[in-house]
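Trainee: In case you want the letters, here they are:
There are 4 protein chains.
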Amino acid sequence: MAGSIFGDIFSVATWGESHGKGLGVVVDGCPAGVPLTEVDVQRYLDRRKPGETKYSTPRKEGDKVEILSGVFEGKTTGTPISMIVLNTSQKSRDYSEIASYYRPGHADYTFDEKYGFRDYRGGGRSSGRETIGRVAGGAVASKILAELGIEICSYVKSIGDIEIDPGKMKLEDIEKSPLRMPDLEASERAEEFLADQMKNHDSAGGVIECVISGVPAGIGDPVFGKLDAALAQAVMSIGAVKGVEIGSGFAAAQRSGSENNDEFCIDKDGKVSKKTNFAGGILGGISDGSPIVLRAAFKPTPSIFTEQGTVNQSGEEVKVQIKGRHDPIIVPRAVVVVEAMAALTLVDRMFVGMSSRMDRIARFYNSSTAQKNYDKL
Amino acid sequence: MAGSIFGDIFSVATWGESHGKGLGVVVDGCPAGVPLTEVDVQRYLDRRKPGETKYSTPRKEGDKVEILSGVFEGKTTGTPISMIVLNTSQKSRDYSEIASYYRPGHADYTFDEKYGFRDYRGGGRSSGRETIGRVAGGAVASKILAELGIEICSYVKSIGDIEIDPGKMKLEDIEKSPLRMPDLEASERAEEFLADQMKNHDSAGGVIECVISGVPAGIGDPVFGKLDAALAQAVMSIGAVKGVEIGSGFAAAQRSGSENNDEFCIDKDGKVSKKTNFAGGILGGISDGSPIVLRAAFKPTPSIFTEQGTVNQSGEEVKVQIKGRHDPIIVPRAVVVVEAMAALTLVDRMFVGMSSRMDRIARFYNSSTAQKNYDKL
Amino acid sequence: MAGSIFGDIFSVATWGESHGKGLGVVVDGCPAGVPLTEVDVQRYLDRRKPGETKYSTPRKEGDKVEILSGVFEGKTTGTPISMIVLNTSQKSRDYSEIASYYRPGHADYTFDEKYGFRDYRGGGRSSGRETIGRVAGGAVASKILAELGIEICSYVKSIGDIEIDPGKMKLEDIEKSPLRMPDLEASERAEEFLADQMKNHDSAGGVIECVISGVPAGIGDPVFGKLDAALAQAVMSIGAVKGVEIGSGFAAAQRSGSENNDEFCIDKDGKVSKKTNFAGGILGGISDGSPIVLRAAFKPTPSIFTEQGTVNQSGEEVKVQIKGRHDPIIVPRAVVVVEAMAALTLVDRMFVGMSSRMDRIARFYNSSTAQKNYDKL
Amino acid sequence: MAGSIFGDIFSVATWGESHGKGLGVVVDGCPAGVPLTEVDVQRYLDRRKPGETKYSTPRKEGDKVEILSGVFEGKTTGTPISMIVLNTSQKSRDYSEIASYYRPGHADYTFDEKYGFRDYRGGGRSSGRETIGRVAGGAVASKILAELGIEICSYVKSIGDIEIDPGKMKLEDIEKSPLRMPDLEASERAEEFLADQMKNHDSAGGVIECVISGVPAGIGDPVFGKLDAALAQAVMSIGAVKGVEIGSGFAAAQRSGSENNDEFCIDKDGKVSKKTNFAGGILGGISDGSPIVLRAAFKPTPSIFTEQGTVNQSGEEVKVQIKGRHDPIIVPRAVVVVEAMAALTLVDRMFVGMSSRMDRIARFYNSSTAQKNYDKL
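Chains as they are written, first to last, in the working numbering: chain E, 1 to 377; chain F, 1 to 377; chain W, 1 to 377; chain Y, 1 to 377.
Chain E extracted, bound-state conformation:
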């Protein structure tokens, strides 16, 4: 695949550039019968919308989504769902200068090497606006998960070296924090830190944590199709992500087996459970019924307003100063993008996994032979 299609059974094909006519996504493989309206999708898109706080670009776009196909009388039909968001506020003239040189930390140089030239207006396909298609597709995936009792909760865990205190974390505070940090004390300190960074014409990164609860045990495939591997690809494919971890993650490398193993136990409902969750809900690449916990590390926004050295397209070293509108941090707006990628991945792997057992297939197709052979099971 050339890059803009994701998923084996529940697939999305995203398209669009920052400064083209619009952006969108085609969702193929959505089951029929899922209740879906534009409001469901808009709610997700609004969470990534620019212009909400002082820490995001002042570009005021409606980013209104329109569903063009695949929904009939309020329900998905099983056929492709095409969604579009028109670009309304781009100003191409802002970008005329940067056509001539390679911005440090951006994909200008690599696009030129790959394609021979690039749509230099606003980063083209490597712009943060590319995530509109992901989020719209993820909204559909999240609807499916909700029907199955599966919920995804994401938030900012740290900005720079300011981290939320797990003891003080309250999930209901996520949207109360302008930085989506569910520890309002840490959030305030992070705001001060960001004010400083902006004063210095600099930028910051951070870590997003995502917790998926209600996932039945048994999702994911051994070897290359591991659920954590699929999540890692999905999350690492978000621009600016430089690291992904599951459960105890990098810290696991420093722990002893006796510390890191989760003992199994029987919970109060008589079901198999685990006393701890260092595994992050995945064992051998397959979900174990505990919440899935992943974290993504985002690098600082590369668009900074201090002078930087670089090279122009004539091959000369030059000093440049980036202008325009750029978030000093993208992490709070990326929370919903991580959530979208997690949802897309999980739905796809759940659908792929429906044929892992002959007894369940036989019951699903409900043949009389199947009843004879498998109903006693």
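Think of the hints as simulated: they come from the structure by calculation, not from any bench.
Take the hints with a grain of salt, since some may be wrong.
A pair counts as met if it fits within one copy or between any two copies, since identical chains are not told apart.
Straight-line C-alpha distance at most 30 Å; calculated DSS-like pairs for lysine-lysine [what the hints assert, rightly or not]: (1) K323 x K199; (2) K275 x K323; (3) K49 x K21; (4) K64 x K75; (5) K323 x K75; (6) K21 x K64; (7) K176 x K199; (8) K75 x K21; (9) K323 x K271; (10) K323 x K64; (11) K199 x K275; (12) K170 x K49; (13) K64 x K176; (14) K268 x K319; (15) K319 x K271; (16) K323 x K21; (17) K199 x K319; (18) K49 x K176; (19) K275 x K319; (20) K271 x K75.
Since the model is a prediction, treat every value here as computed from it, not as a measurement.
Mind docking chains F, W and Y on chain E? Use the hints.
Mentor: Same frame as chain E, but now just chains F, W and Y:
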């Protein structure tokens, strides 16, 4: 895909269990004309072989590979390369007891949930022996990369909290260290730490670093097909890996943009280069010509000999003590597995990317029209 | 894949229903640098447009295509090309009755069984309008082929039992015939036959032939990836196609080996050629440099105006009479659809095949090692 | 994919050449819990075995299959099933001469063009022995179908211009006919015809018909994922197949809509059925519950013993006479290959289709939310 096939154009399908008749791989999409012998593959397999040091299981297996197809007169023919390693030393009786309970930190429970039952002998398909297929396939990929002047170098960066000192690192020491740590002082300290862990019937994890040099700029696709996303999936699919990072990785989240951006410059050969490589050789998901740097965090071996609480298949909480032969650390043996996955990924993405530019396609197919239209370019 | 995505490297994702807001396609994997405008695509769409002759539905739609992304300054950028055609003339009320019963020869019943319900307006996703996405995508593929000197020519070979006489066939007459039959005498007889069918409230089918010239030898893969297998899937996926054949096709089954084998020879340019082309340009699934010849059999339009027996959604047998606007034959309008599918398939297989030889890969990536090893070849 | 892997969820990767060490297949995506032994697979392989009658090559091979993985205590485990058949009787010396020229009707020339050289011994990967992997994989797929009450019946419909009389066809006669023609009178005439062809050092082709009964309605996907399109690719990928048709096939092109439409009716069990089956069990690419009927046209064996003109690798026109052991007709031995490809395709499409409806997914995953939302349906 159900899980055991990896790659879009250069694909491997691996198979085999720890205690079955053998393990192997089918490589499909290997170009014709690559010089390949069993010696080339054996060299890679020997690097993951058990029984080499006191830190790996004493199981003495030859793990001799046989090439069954796809090679004719010393060269690949372009058709599938089937390779097999027969199991020779497995003892099924060692595993009879563990059939009845779920080992903490292992995939016993999740396999049962997914498949309804499991081949309990030695972990079946979630055994470390599963990596034989990856490494044999990776050996073929590495041969292709070598023909293109691309080299992969991997080593152990840390064990527990003992890390190599970059200032003292010597790549030529990798194989001198029984732990594949190219800082012999750190390696010695890690040996002492492991001796302690073994005494305590405990285990340890660590971090592997992998550096790929000679990769041309322009490999990888935007959005979902990013080279770093593909590498993340590949490496996270290795059993026991809990985190993956590229370049400055998780540390990037704590850095300022001005610290983390790599300035472009012109090198002494007049080519575009970068003054630093915090990006780890990838910008916007596409290789930038600098070395690609990735790290994988491995959890401690879950098979420990101290008593642990768990649940048996009758749903009762029990205390268990694991027996048998188990490495106190798998990280040194996993170095070649990380390398194999990196090679498989890179070859596949290089092949996918050959059609990214019309001028290059036209020259490749060399039509007269193409000459007219594109030879001036 | 769920069904609306086609192609491994050069992929299209089509979407849209007959009576939704519009239809479209996202092309992913188009190389950068292909000259492309809306005029290029419109030319193809106009060939499938309804309302052109008395043998097609009088529905007057503009079917104007808009390119939304992936093109910058008149050239493709390598990123997804999203194209849309808005529906402008659909009348939902025409279809209110047919919601209640299953039209013979249509997909009403099978959609209900698969999805639980259906968008009954105009056939939804099984409407002939679905081909708009294919044709728009095929127009892009044809542009790429044209750059490589490859041309596709398609026409109607027969309607009912009236067949063109190969001796009288003139390709320049294709568009002179309202039925796209390049033997104007046969075309006239077919017109009379169709007038009779319409008088009887009946419909007709036919055969389309497609000839692809200029394809280099060596395209296609052995075993499952055969070029003819890929073409068969592509063409059989067009609604109403019930048979596909390559070269001598079904007639080959009645021939002797000595009649059907094509002898190789040296042509006047000193190149390997064949004296005959019963193989239809493909040997062992791989193109042999001769023109590729395929034929597709289309069933008669199932929407006929005579009374038919069927079953309604309450499970009762009923008599029905279909109303509305329906072509008595779709074959002439399907010519461009066959061409589009052939183009999409060929481009995809050409791109997949670029990595079949190590020497060509080495030259493509042009490394110094490659030069050493392969330039002597 | 490079060509030797087939299927999206239930996948096979086949490997091996006529004159290598052996041939085999890796089946990935087989559900756990299917009863499977080597006897099940051997039964299928025996149906394609050479040396059974005077119409097939006298090469006496055991073609004994060995299952190397994926089966534990008589049942599939859900992990890859690797199967191997060792080559025991090949004689490389028979093929030394043909290395130098291109056999008419064979893939020698196209392999050379694609790969730069070829394994000339016995056709390498384009040999009929390649089908061993397909048939072994198909045997597993057929086991799954049998568990679901689905049966495939295939036979030779015609050889040369001798066709079975549908009125005299008895399926129980398939294996009584040395040509697998279930009309023993036609079979006898075909034997006489073949005796003549052999006398003339010539060969013959024929048509195989395949009927799949018990398929539930609703299998297959709209647009590109149509069940008939998938079957067409699968069957056309068999060497020597030049045409594929479904239901009334090419004859449909000559019929009127009123003749070709199948009227729906209510059968004696009160279920929706069809009065006729010209559609061949598929409407709009989705199974309709009637038997699926497909036919494949095989060209005559290209290896004939009369003198033929061709070109050698030095680019000279030469006269050649092929030697060795070659079937005058491969159609009877190909019956099981068509059946295998049909089974592989159907299982894969059934697995892909399990996620087409939200209500069924919800019941499958059986969440409490699902029960609330969907159990009333």
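Trainee: How do K199 and K319 come out at 30 Å by Cα distance, when the copy is not named: within, between, both, or neither?
Mentor: Within one copy only: 21 Å inside, 59 Å across.
Trainee: Is the C-alpha distance from K176 to K199 at most 30 Å within one copy, between copies, in both cases, or in neither?
Mentor: within (24 Å within a copy, 51 Å between copies)
Trainee: From the Cα coordinates, with 30 Å as the cut-off, is the pair K170 and K49 best called within, between, both, or neither?
Mentor: Answer is within; shortest intra-copy Cα gap is 24 Å, inter-copy 48 Å.
Trainee: When no copy is specified for K319 and K271, does a C-alpha distance of 30 Å or less occur within a copy, between copies, both, or neither?
Mentor: between (63 Å within a copy, 18 Å between copies)
Trainee: Tell me, please, which holds for K49 and K21 at an alpha-carbon limit of 30 Å: within, between, both or neither?
Mentor: both (18 Å within a copy, 25 Å between copies)
Trainee: Could you place K323 and K64 in one of the four classes (within, between, both, neither) given a Cα distance threshold of 30 Å?
Mentor: Classified as within; 27 Å inside a copy, 39 Å across copies.
Trainee: Can you give me the call for K64 and K75, within, between, both or neither, at a CA distance of at most 30 Å?
Mentor: both (20 Å within a copy, 28 Å between copies)
Trainee: At 30 Å max between alpha carbons, let me know whether K21 reaches K64 within a copy, between copies, both or neither.
Mentor: both (13 Å within a copy, 16 Å between copies)
Trainee: Given identical chains, is K271 near K75, meaning Cα to Cα at most 30 Å, within a copy, between copies, both, or neither?
Mentor: This pair counts as between: shortest inter-copy Cα distance 27 Å, intra-copy 35 Å.
Trainee: Have a look at K275 and K323 and pick one of within, between, both or neither, based on CA distance no larger than 30 Å.
Mentor: between (52 Å within a copy, 23 Å between copies)
Trainee: Under a CA distance limit of 30 Å, which applies to K323 and K21: within one copy, between copies, both, or neither?
Mentor: within (23 Å within a copy, 39 Å between copies)
Trainee: Using 30 Å as the alpha-carbon threshold, which applies to K64 and K176: within, between, both, or neither?
Mentor: Only inside one copy: K64 and K176 sit 24 Å apart there, 47 Å across copies, limit 30 Å.
When the structure is compared with the earlier hints, no violation turns up for any of them.
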